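Asker: What follows is the residue order along each chain.
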Amino acid sequence: MIIAIVLFPMLIATLLILLFKNETVVKLSATLGSIASLLLSIYIAIFNRNVLEQYKWFNLISYSFGISLATYSLNIILLLLVAIMTPIIVIYSIGYFKGKSYGTRRFYIEMLIFASAMMLFAISENLITIFIAWEILGITSYMLIGFWYDKEEAQEAARKSITTIVIGDILFLSAIIIIFATLGTTEISGLINTTNKSVLYLPMILIMIAAFTKSAQFPFNEWLADAMEAPTPVSAFLHSSTMVKAGVFLIALLLPIYESLGLNYIFVVIGVITAIIAVTNALSEHHIKRILAYSTMEDLALMFIALGLFNIFAAMLLFIVQTFYKALLFMNSGVMMNANNDNSDIYKIHGLLDNKIILITTIIGVISLAGIIPFGSFFAKSMIGISSSSIILYFILLVIELLSSTYIFRWMFIPLKNKSTSKVRYNKYKNTSRLMIAPIIITAILALLAPITMLFLEGLFGTYNIFGNMFAYVIDSIIIAIGILVAYVFFMRGSKIKISKNNILYKAAYNSRLINKFYGIFGNTFVYLSEFFNTIDYSILKTFQSSGMYIYKFGMRTKKIVNGNVNDYYTVALIGFIFLIIIFSFVVFGVF
Amino acid sequence: MINFNLMYMLILIPIVLIVSGALAILHRKKESAFIVQVVLLIMNLIFAVLFFVTGGQTIAFSIFTIYSFSALFIGLFSLLFLLIVILTYKHSMKFNYISLLISMVYFGAIAVSTSTSLIITIIGIEMVSIGSIFMVLFEKRDSVEAAIKLFILSGSAIAILTVALALIIPYDSTFTIAAIISSGPLNYILLFSLLLFGIGLLFEVGAFPFNLWIPDIYEEVQGNITAMLSGINKKVAFVAIIIIFGIVFVRYWYIFSEFFSIIAILTMFFGNIMALIQTNIKRMFAYSAISQSGYILIGIASASQFGFEASIFQIIAHSFMIIGTFAIIMLLEFRNIKTLNDYSGLMYRNGFIGFSLTIFILSMIGIPGLMGFYGKFLLFASAINANIVILAIIGLINSIISVYYYGRTIAAIFKPSNKNKIFIDKYSYFVILVALSLIIVFGIYPTPLIIASQLASSSLLLL
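Top line first, the protein sequences correspond to chains A and B.
Count along the first sequence from 1, then add 2; that gives the number in the numbering used here.
Count along the second sequence from 1, then add 4; that gives the number in the numbering used here.
Chain A on its own, in the form it takes in the complex:
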């Protein structure tokens, strides 16, 4: 169990938090546990690469269930990302929860279980293990999104997310059952090497939909934006390295099968639709965190597009880079909201200039997201564009790039323009807890350094001529510059524009009204269906109830025998004795 060792520090920390109620112990064990698992992950990444460990879990008759863990390149990438982000987020949340006194113990327990589930997901090589981690992720994310359960919106958001995710869970489970029944294996290597690819067609589509629910792709994208009701550290964690990355990662693991089945175009189509929805929504949204959520959706969509184009190099590069800048932006937005009395409207957030560190790190995050050469997502996005075979797709991707740079600079320019005169707010910015500032600085540095990983990735996922596409780079740079210019003209110079609420474009884009309408229709259909089933169910229930009552009455009648009187007991026993002997002799002499 060498690989599984990475899970233990955080589980031990969870146990400690469960046992001790002391605030310091809780914080200390959470921090130390996550740091220990980071160190162990680094150890594994250096000394235990390309290892496959298989264990038998249990055998029941002819069914054998196994656990297998692996540290191939993909596994190591996700493992390290989760391991790096966990201590950062844990330390940040210590600062974040200062003054918000309730439920911190619960928060750390849920958070650590969430992180360790993601780690288990990262190192598992077997659909059963993946499914276990997948389920724990779903449940803990439900708990974390609904963390402030006394808020109506948080409840709604949590319910929305779990409803969407459970659809995926069921599809994933049925896919596993189909695979297990037909192929008799759940090992990913076994699936990839199987010659009988045709049976995999249905389960692979089911798994694809499951991945879409987890990674918030159309039409399952809405829960992610609503999940912003969660505490900011949760959003930062959920959107960077955990949860939403699970779907992308699963598809990346299974990509060879999709390649051989020829299902990849679905990823491209769904990815493009999601990206367009996300970008338009992000442009019209006012909520500081929701804009970032839509941008996560867009990034994930781009990853799916890259996977659909078999450009696993670009997908994984974006996968890595996005982790850091997205976490950074979320953590910064948490600081801004804190200083503005938890106000989340970007038009009402002031005083970004008050704290220089926050300002600089925000700029780093924004240019990484927009993809200004050579920062952040630039190379990944432009490589996705290059690998597309059709010119239309390339054009759409360019538009998406343009709009994404526009909305993210809008996200920064509007608060930047809101000058603050309040002394109270100034003090709040200045006195931002060091425990929040330190993780932000670290993440900013990591976000700056992240694009360098592509030099290592090149060796892992085939050769890509990184510097051979200068022409494309120039086009991309121009496009992004136009995007920034648009944002500058509209939102920074002159009066900050607020789009009229009656504008038709705004109506279409804001809060994905169409999709939510679709959800409504979809939901109502199911309500009618379930009402129909309810009547059937009720009649079955009636039958059961009446038979239950019959059993109950029978029990009451039998109760008369059990009256505490030994004579009666003995009579029954004797009658039974005689009956048994009679039956036995019948059996022996062959009457039956």
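Just so you know, these hints were derived from the structure itself, not from any lab.
Just so it is clear, the structure is predicted and the values come from calculations on it, not from any experiment.
Mixed in with the good hints there might be a few duds.
[Unchecked claim] DSS-like cross-link-like pairs, simulated, lysine-lysine; straight-line CA separation at most 27 Å: (1) A:Lys-58 - A:Lys-199; (2) A:Lys-561 - B:Lys-342; (3) A:Lys-555 - B:Lys-342.
[Stated by the list, open to error] Below, a sample of chain B positions facing chain A; criterion: calculated Cβ distance under 10 Å: (4) Glu-149; (5) Leu-195; (6) Leu-200; (7) Leu-206; (8) Asn-215; (9) Pro-219; (10) Ile-259; (11) Ile-267; (12) Ile-277; (13) Ile-281; (14) Ile-455.
[What the hints assert, rightly or not] Listing some non-contacts, in silico: residues in chain A with all C-beta distances to chain B over 12 Å: (15) Ile-394; (16) Lys-419; (17) Asn-429; (18) Val-488.
The C-beta atom is built at its ideal place from N, Cα and C for all residues, glycine as well.
Use these hints to put chain B onto chain A, whose structure you have.
Answerer: Below, chain B alone, put in the same frame as chain A:
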């Protein structure tokens, strides 16, 4: 000179225990007796595990045969008795008397699980019953009625067993179980004797229709003794059934399979239906234990190595569940919490107790991820494997019935309430924790236990 084998310790330690128990009566302090008992039981547990791992077969003192099956059960009984001793130490007024009786019962259990001679089996069962009767009598002042009921039960069982033994004398004066097989073609007298053995042991197991007084006894007796009666005494009788019929079944399985199937079906239905209408929790669990005996009988009725494997697994699983459950019930009974209504809001009065009781109940229902699931799965699978599908279906129906009363109890536990808190002592905490952790650990990773029951059942058939 006796060729001394380290494994003789498995038998010697219980004897030392009895001696130490006898000395304890003379002694006034209970701490020393407790420590001696705990140490010896732990030693025996370690020896049993060692022997089980090394395997093989040893005959100790010419009458006790130690092989994988008996080593497994010596280990199990040592652990179970350890839990019972710890519970009793805390909650018994006369621990020194009880400790002698516990040693006696323990020796009986060991004798049964190591015997290959029918006479030793009967003596072992007798020791178990007599010890428990006196324990029932001593533990509570007003439990004479329960003691007499238990006495009648065991007395009838022993009488029937003795008649069964007497029938064998003309054919085999050594009373070895294996000898029965080698006696000529279908012999009706021997078959009748086997039937009587079955019935006598069914009295002890608590199978319908020989179980009507069992809930009365359980209800009246203090919880630690109830835990022993259902967690150990019953299981000893099951071990005897498995030993006797496991060997004979090779030849006569087609007869006894039907016999045990009928008993299993009746017992399951009786236990579950009666549990359905109880409001007293202790009585409810007494009936639930009866229905669990019915489930275990499914494996015996399947009459195959696989069936015995399933039965062994379920015996182990259920003994931990029921001891944990009755330990909790005893603690609550001291605080006058007895009926379903009193149980409402238990989770908020003591989280640990509420949680563990919920886990025990879920395990009894057979929820995946807990020990009870694998037991039930193996039992039903063994019935299907042996082509007695009807048995598996009836078992399933009974599981559904049982969900009603189990679920009702869980619902009561989680009802919000603001009654005052309950605090528990550390001895009971330890016992419940051990049972709970075993159920959860083997629920998540059952492979060692499944392999152990496989080894045990195969070693039994090789005997």
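Asker: Let me make sure I understand: some of the numbered hints might not hold for this structure. Which ones are they, in numerical order?
Answerer: none
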